[in-house]
Amino acid sequence: MAAFIARRLMFMVVVLFGVSILMFSILMSFSPERRAAAFVRTPQQVKEIPNLVKKYGLDKPFYIQYVNWIKQISQGNFGYSTVAASPTLDAIKKYFPTTIELNLFSLPIIITLGIWLGTVAGIHRDTFIDHTTRIVAIIGWSLPTFLFALILLMIFYSQFQLFPPEIISNHIDDFISNNPDKFIQYTGMYVIDGLLNGNFEVVFDALKHLVLPVVTQVTVVIAILVRVMRSSMLEEISKDYIITAKAKGVDTHTINHKHAKKNALLPAITVAGWLVALSIEGSVAVEFIFNRAGLGLLLVKAATQLDIPVVLAISILLGLIYVVANLIIDVLYAVIDPRIRLN
Amino acid sequence: MKKLHFFLASAFLCLMLVVPAGAADKDTIVSAIISTIQSMDPAKAYDDSSANKLYNIYDTLVAFKKTKTDEFEPRIATEIPTVANGGISKDGMTYTFKIRKGVKFHNGADLTPQDVVYSFKRNMITDAEGGPMALLLEPLTGIGNTRKDGKIIPGIFEKIDNSIEAKGDTVVFHLPKPFPPILGILTYTAGAILDKDWAIANGCWDGNIANAAKFNGPDTGKEPLHHITNGTNAYQLKKWEAGKEMILERFDDHWGKNAAFKTVRIKIIPEWSTRKMMFLNGDVNDMEIDAQYFAEMEKTKGIKLYKYPQLGVVCAMFTQKIEMTANPYVGSGKLDGKGIPSNFFADKNVRLAFAYAIDYKAIIKEVANGLGSIPANPIVDGLPYQKDTFHPQFDLAKVEEYLKKAHGGKLWKTGFKLTLLHNTGREIRRVAATMMAENISSLNPKFNIDVQAMDWGEYLTAIQQHRLPGFVVAWGADYPDPHNFVYPYLHSEGFYSKYIGYNNPEADKLIKMGIETASIDERRKIYYKLQDIWAEDIPGVTIIQKLGAKALSGHINGFNPNPMYQGTYTFYYQLY
Numbered sequence: 001m002a003a004f005i006a007r008r009l010m011f012m013v014v015v016l017f018g019v020s021i022l023m024f025s026i027l028m029s030f031s032p033e034r035r036a037a038a039f040v041r042t043p044q045q046v047k048e049i050p051n052l053v054k055k056y057g058l059d060k061p062f063y064i065q066y067v068n069w070i071k072q073i074s075q076g077n078f079g080y081s082t083v084a085a086s087p088t089l090d091a092i093k094k095y096f097p098t099t100i101e102l103n104l105f106s107l108p109i110i111i112t113l114g115i116w117l118g119t120v121a122g123i124h125r126d127t128f129i130d131h132t133t134r135i136v137a138i139i140g141w142s143l144p145t146f147l148f149a150l151i152l153l154m155i156f157y158s159q160f161q162l163f164p165p166e167i168i169s170n171h172i173d174d175f176i177s178n179n180p181d182k183f184i185q186y187t188g189m190y191v192i193d194g195l196l197n198g199n200f201e202v203v204f205d206a207l208k209h210l211v212l213p214v215v216t217q218v219t220v221v222i223a224i225l226v227r228v229m230r231s232s233m234l235e236e237i238s239k240d241y242i243i244t245a246k247a248k249g250v251d252t253h254t255i256n257h258k259h260a261k262k263n264a265l266l267p268a269i270t271v272a273g274w275l276v277a278l279s280i281e282g283s284v285a286v287e288f289i290f291n292r293a294g295l296g297l298l299l300v301k302a303a304t305q306l307d308i309p310v311v312l313a314i315s316i317l318l319g320l321i322y323v324v325a326n327l328i329i330d331v332l333y334a335v336i337d338p339r340i341r342l343n
Numbered sequence: 344m345k346k347l348h349f350f351l352a353s354a355f356l357c358l359m360l361v362v363p364a365g366a367a368d369k370d371t372i373v374s375a376i377i378s379t380i381q382s383m384d385p386a387k388a389y390d391d392s393s394a395n396k397l398y399n400i401y402d403t404l405v406a407f408k409k410t411k412t413d414e415f416e417p418r419i420a421t422e423i424p425t426v427a428n429g430g431i432s433k434d435g436m437t438y439t440f441k442i443r444k445g446v447k448f449h450n451g452a453d454l455t456p457q458d459v460v461y462s463f464k465r466n467m468i469t470d471a472e473g474g475p476m477a478l479l480l481e482p483l484t485g486i487g488n489t490r491k492d493g494k495i496i497p498g499i500f501e502k503i504d505n506s507i508e509a510k511g512d513t514v515v516f517h518l519p520k521p522f523p524p525i526l527g528i529l530t531y532t533a534g535a536i537l538d539k540d541w542a543i544a545n546g547c548w549d550g551n552i553a554n555a556a557k558f559n560g561p562d563t564g565k566e567p568l569h570h571i572t573n574g575t576n577a578y579q580l581k582k583w584e585a586g587k588e589m590i591l592e593r594f595d596d597h598w599g600k601n602a603a604f605k606t607v608r609i610k611i612i613p614e615w616s617t618r619k620m621m622f623l624n625g626d627v628n629d630m631e632i633d634a635q636y637f638a639e640m641e642k643t644k645g646i647k648l649y650k651y652p653q654l655g656v657v658c659a660m661f662t663q664k665i666e667m668t669a670n671p672y673v674g675s676g677k678l679d680g681k682g683i684p685s686n687f688f689a690d691k692n693v694r695l696a697f698a699y700a701i702d703y704k705a706i707i708k709e710v711a712n713g714l715g716s717i718p719a720n721p722i723v724d725g726l727p728y729q730k731d732t733f734h735p736q737f738d739l740a741k742v743e744e745y746l747k748k749a750h751g752g753k754l755w756k757t758g759f760k761l762t763l764l765h766n767t768g769r770e771i772r773r774v775a776a777t778m779m780a781e782n783i784s785s786l787n788p789k790f791n792i793d794v795q796a797m798d799w800g801e802y803l804t805a806i807q808q809h810r811l812p813g814f815v816v817a818w819g820a821d822y823p824d825p826h827n828f829v830y831p832y833l834h835s836e837g838f839y840s841k842y843i844g845y846n847n848p849e850a851d852k853l854i855k856m857g858i859e860t861a862s863i864d865e866r867r868k869i870y871y872k873l874q875d876i877w878a879e880d881i882p883g884v885t886i887i888q889k890l891g892a893k894a895l896s897g898h899i900n901g902f903n904p905n906p907m908y909q910g911t912y913t914f915y916y917q918l919y
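Residue numbers (this note's numbering), protein chains in the order written: chain A, 1 to 343; chain B, 344 to 919.
Next up, chain B with everything else stripped away, as it sits in the complex:
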């Protein structure tokens, strides 16, 4: 009898275990992401995983219109300010937003213009380390940080305090100088609107500017809103187990159209095979696809696939003034066949030769699996004022021609030795560096080019130290304006241009004019000229503008692929 009981119990257990899982809940979207969501505090969140969730919880004043990067739709503002409707002053230094009425926070409180003013001030005052607040600090105060060398910049909090005010039903921004891309910046979660009382009750800045310093630069993980939210958007945070999953639930008192799906479950699934199986089994409905896996997903029926350009560009950069002290990447440090001098890449012929040595089409076809295009210059497709300019195509004869001219003809005779660098784990960058090395080395036995990978942190530091002769890097948009791309690549103080020693006073002057000019026609002329300067000077060469890729279950509609947002991003409230 005991044996019979044991047998029956075992059989029951087996039966329970092998019952197939039930059908997926049609009122839920399961979204698979790869990276940890870092923080729910808008003053800290600067990674894609976090920002995407904040977009669904908090509202901003304005947002990009569906797939557009140069058209906006109002969110907490009731209309997009323009010069014509009086929302933007003629000098481009005052922006007035009419604030929507009847908007409720998730805790039931009403949104007021004071909440909007407080939110911007609080986020800028907090300015958490590694956070996004420089995006707002630069246009609103003229200074990109609240701290320098770890110390608070004198007077910065007063500048923040004076930069925004509530006037009746409106909120007014006072800019120290015109900054045309500001509407694009205001779409970012750094401008998320908080409930003032709730924020103060939860340890945020108390509203007194004299106390601002106490709330500035909290340690990572200690930012007051790290784990809690209270927004006005269509979803509210129900549960967040950091590193594991997040659950969002529809907010039924949303001021706009309610979200179609009641629940959004966001899971971190780092392994592609597992993610793909779960997607195909219907246990995941939304996921980003890396380029190398796109082809295999294209064969799948009954799903929705999207690929769209991303506002980012991969470039090879050539340092025109290399720091030579104890530099292992320059050989002897002389043009003697065993190394290169500091000004090796200052000769345009050398830069052109290296640019002609990359097989751009092969990179896009073989490495990016066709998910990309060759941008003519850093103002990539999807940005305003973009135009086609000269871009070298792979041509070994040209490489030889320019190397024979380089350094007064001496380079071809003496030869050289150097190291090109890329950061680890980035295949396109590795292949581009390797192509330059192998193609150029094949032309002359006296040319020796090594390729070396460096870890990201060391790589960035070495770039800052001007130690890398040639390197491959990328830049992604903070906001969809050419300024965000020409400044790092062409301004003498720009992130990459500064460290390669590129300095063209005309470019600096045009960049300053471009950001301080509100007129569209004037800006177009300025950015056209800057693109011509890039093509003429060749401080670097653009390699690829990648496409983002995303897969959604067949029954889900309403996704708007926007170049500003990578495949990680989903605005769940737009889906139905």
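Just chain A, same shape as in the assembly:
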């Protein structure tokens, strides 16, 4: 197992190298002037463009720019972000906890609810439960995230004033800012920090702001898992060993949940692992609409304003998440299915 993990970690370096080359190549397709223009906002400033190109070596060959960039990031310098008005690494450290917090709540729901719904739908094929689950899943998958988020916001915030956008209420934000000794920000995630500080007002306020984003995220992302789990269950239920178990008189609950479900989980786990990465990436629209200053919001702004340091750094971070998620899936495979040997 240890050798396998070590091999995969080495492989991770290769993947990240590939991601960085790919992203760098895409960004290099923009002219030096266009990249320098990220610093220019008015015609009056246009005279700065040639200086910026020269200063940052934007007109140098691809490989020189890439090597320079690698040298810089190896020293922890990911460049300066104009959309965050701070060094890129600081911006990511500041924005990432918000995204993690959102996914910390949405992912367990997506995975447990998705597996459960898929299982129930598979077991009760072509019944009312199955049809309902499928329809809800299809609607969730088909709805554009931003539209669904806006609808929720219009109903539950605009109409009923229950669940506001953003991360935290103003008075809580003031309390945290004014009392750094009474409220320590251990993680940058308000629910967890609230619990660690024993301040339940902060916890409830943060949860209130999380309700709609989590509902949106779950509704949109869960559909894939439900469909995969349902198909997988249907396949398992029709296999010979299930028929044998039935012939032996094993009760239906045991057959479905102890035998079929365990085997049906394998493809679902593959998807679930992928969903972890997808969900983090998919926080973009949710964070944008609910104005949650997370990695997704940062990425939208960076991409639209060609803030190259941020685009590169977040791409690498997402690549890293994908690779780690896949590694975890591979390890989980071995745990769930003893037939699979990692070596």
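No wet-lab data here; the hints were simulated from the structure.
If you're wondering where the values come from, they're calculated on a predicted model, not measured in any experiment.
Careful, some of the hints might be misleading.
[As the list claims (entries may be wrong)] Quick list of the computed label-pair ranges, beta carbon to beta carbon:
id : chain 1 : residue 1 : chain 2 : residue 2 : range
1  : A       : Gln75     : B       : Ala544    : 27 to 33 Å
2  : B       : Asp453    : A       : Pro180    : 28 to 34 Å
3  : A       : Glu201    : B       : Ala544    : 37 to 43 Å
4  : B       : Leu739    : A       : Lys93     : 58 to 64 Å
5  : A       : Leu162    : B       : Ala705    : 53 to 59 Å
6  : A       : Lys93     : B       : Lys565    : 49 to 55 Å
7  : B       : Ala705    : A       : Ala303    : 31 to 37 Å
8  : A       : Leu162    : B       : Gln808    : 54 to 60 Å
9  : A       : Ile26     : B       : Lys565    : 26 to 32 Å
10 : A       : Leu113    : B       : Asp368    : 34 to 40 Å
11 : A       : Leu143    : B       : Asp595    : 33 to 39 Å
12 : A       : Leu143    : B       : Asp370    : 47 to 53 Å
[Unchecked claim] Covered by chain B, per the in silico footprint, the following chain A stretches (three or more residues, Cβ under 8 Å):
id : stretch
13 : 84-93
14 : 148-161
15 : 240-253
16 : 290-301
Each residue gets a CB set at the ideal place from its N, CA and C atoms; glycine is no exception.
Take the given structure of chain A and dock chain B to it, following the hints.
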């Protein structure tokens, strides 16, 4: 029992979550903006988001009087200098400002004339890349930059050092030549007054001119005052999470009337729907409105809406000497029906035809939702010395008439092919270019005009390379003086006029006279003539002067819409 506990805990949690939010704090203004605040260093901040915050934290010597762009009120100066009160020398080259006493910085230090002198020198010496300091360097040193080709211009720091001095309770500016718009420039945050000791302690220029070069042109984000402030104005910076929010708090030792609202919370909310919902729910009290959303806001009751002209103009420009080398926008490069020659737009008939092909009224009504007007020339409404001059109106018969005359009548027979350009994401510019293309192409099957969008950076670079035959651009005021508009559009070295190859020696001469003349009557005559020259030469055509729009909560009063400031700007200390 366990189930009961679980049920009660869940019920309590749900109850806590669904308790509606409390009423908005009436002592706080929440302002929603779209763009990131870039820097709090006055030598760097040149974007609207940053400048607006600096206006509320720092004081300048003078400021615009409420909604006026040609009247001033004293801030750190105690009176507006004039020739009559001796504040401006007769030759217009010396300005003396009496400095207010009893002014305290946010850190408790007293403001002195030495602080004022240091601030101007420090900001000009710093001259951060992409910053606003050219605005002060040009009138005070005669040179618009401290660097050329990345190297420091010899002697520039000595010129800066000699340009301003403290004399008793006054500060004196020495200009190398008269520069009448300087009072308008001094309202900008490039002239924010710093506390000298505090600035030096925080890594700014040390006060020794021999060391100036070490403090010049810091990298973006490395400017010493990027994240910290210490001004004298009504609000002080309490918290700034770059890219997220900024909190300003009332400064109770302000030299003037204290601000009515204790706290200003500025949030970046890029999505319009979210911003609007928060505004209507009372969670946001102040926001800029884009033209396309103004109509929907007009239907809302209990809010205050403002629309006011902005000192800016969108123009279509025609390059009279196009760079032809490997130029994809000129077809064959000849007047053979498959392209255009370098001097295609040098023929005034062609320029007039293109100008008559734009339906200006439709643009204002359909694209700008009525939030705009058609300016006769680049000296737009709100600037002094503005006058109405000839401006073409949409008329296809005129288009045909002028195209038949163009290039000695050859153009109508041979036809032509070219590309008009605009930068991406600007609807008015796209529509104007498309109108010219479609209307002209409809007259003769031999006329082929493509329209292409370019990214902003590439667009500006291509303009500088004289490669774009026709393009649509805009200019916003740095200061409210006609010079800031006639120079880029009519001077042979102006930003747009230079790159379209426009060169009228008489215009150059008048522009020079205009900026070096202090007499109002003389200037009026000069700028009237320049507007006539624009109408006669048609180097380009003005399309729209947009209106700025802003919404404030119903309970907030005191907003003064000023054409110099877009909807992004709010002087929070004026509100009550």
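Is the hinted range of 28 to 34 Å satisfied by the C-beta distance from Asp453/B to Pro180/A?
30 Å, holds
Outcome, coverage of the stretch 290-301 of chain A by chain B - at least 3 residues whose beta-carbon is closer than 8 Å to one in that chain:
Result for this restraint: holds, n = 7.
Assertion that chain B covers the stretch 148-161 of chain A - criterion: three or more residues, beta-carbon distance below 8 Å:
Held - the stretch 148-161 of chain A has 7 residues with a Cβ nearer than 8 Å to chain B, which meets the minimum of three.
Could you say whether the range 53 to 59 Å given as a hint is met by the Cβ separation of Leu162/A and Ala705/B?
44 Å, violated
Can the suggested window of 58 to 64 Å be confirmed for the beta-carbon pair Leu739/B and Lys93/A?
60 Å, holds
Given the range 49 to 55 Å, decide if the beta-carbon distance of Lys93/A to Lys565/B lies inside it.
19 Å, violated
Honestly, do Leu162/A and Gln808/B meet the 54 to 60 Å range at C-beta?
With Cβ atoms ~56 Å apart, the hint holds.
Whether chain B covers the stretch 240-253 of chain A (at least 3 residues having a Cβ closer than 8 Å to its Cβ atoms):
violated (count 0)
Could you check the hint for me, namely that Leu143/A and Asp370/B are 47 to 53 Å apart, CB to CB?
Between Leu143/A and Asp370/B, where Cβ atoms are some 41 Å apart, the hint is violated.
Given a hinted range of 34 to 40 Å, is it respected by the beta-carbon distance of Leu113/A and Asp368/B?
38 Å, holds
Cβ-Cβ distance between Ile26/A and Lys565/B: within 26 to 32 Å?
28 Å, holds
Using the C-beta atoms of Gln75/A and Ala544/B, is the stated range 27 to 33 Å upheld?
29 Å, holds
Consistency with the previously given hints fails for numbers 5, 6, 11, 12, 15, ordered from lowest to highest.
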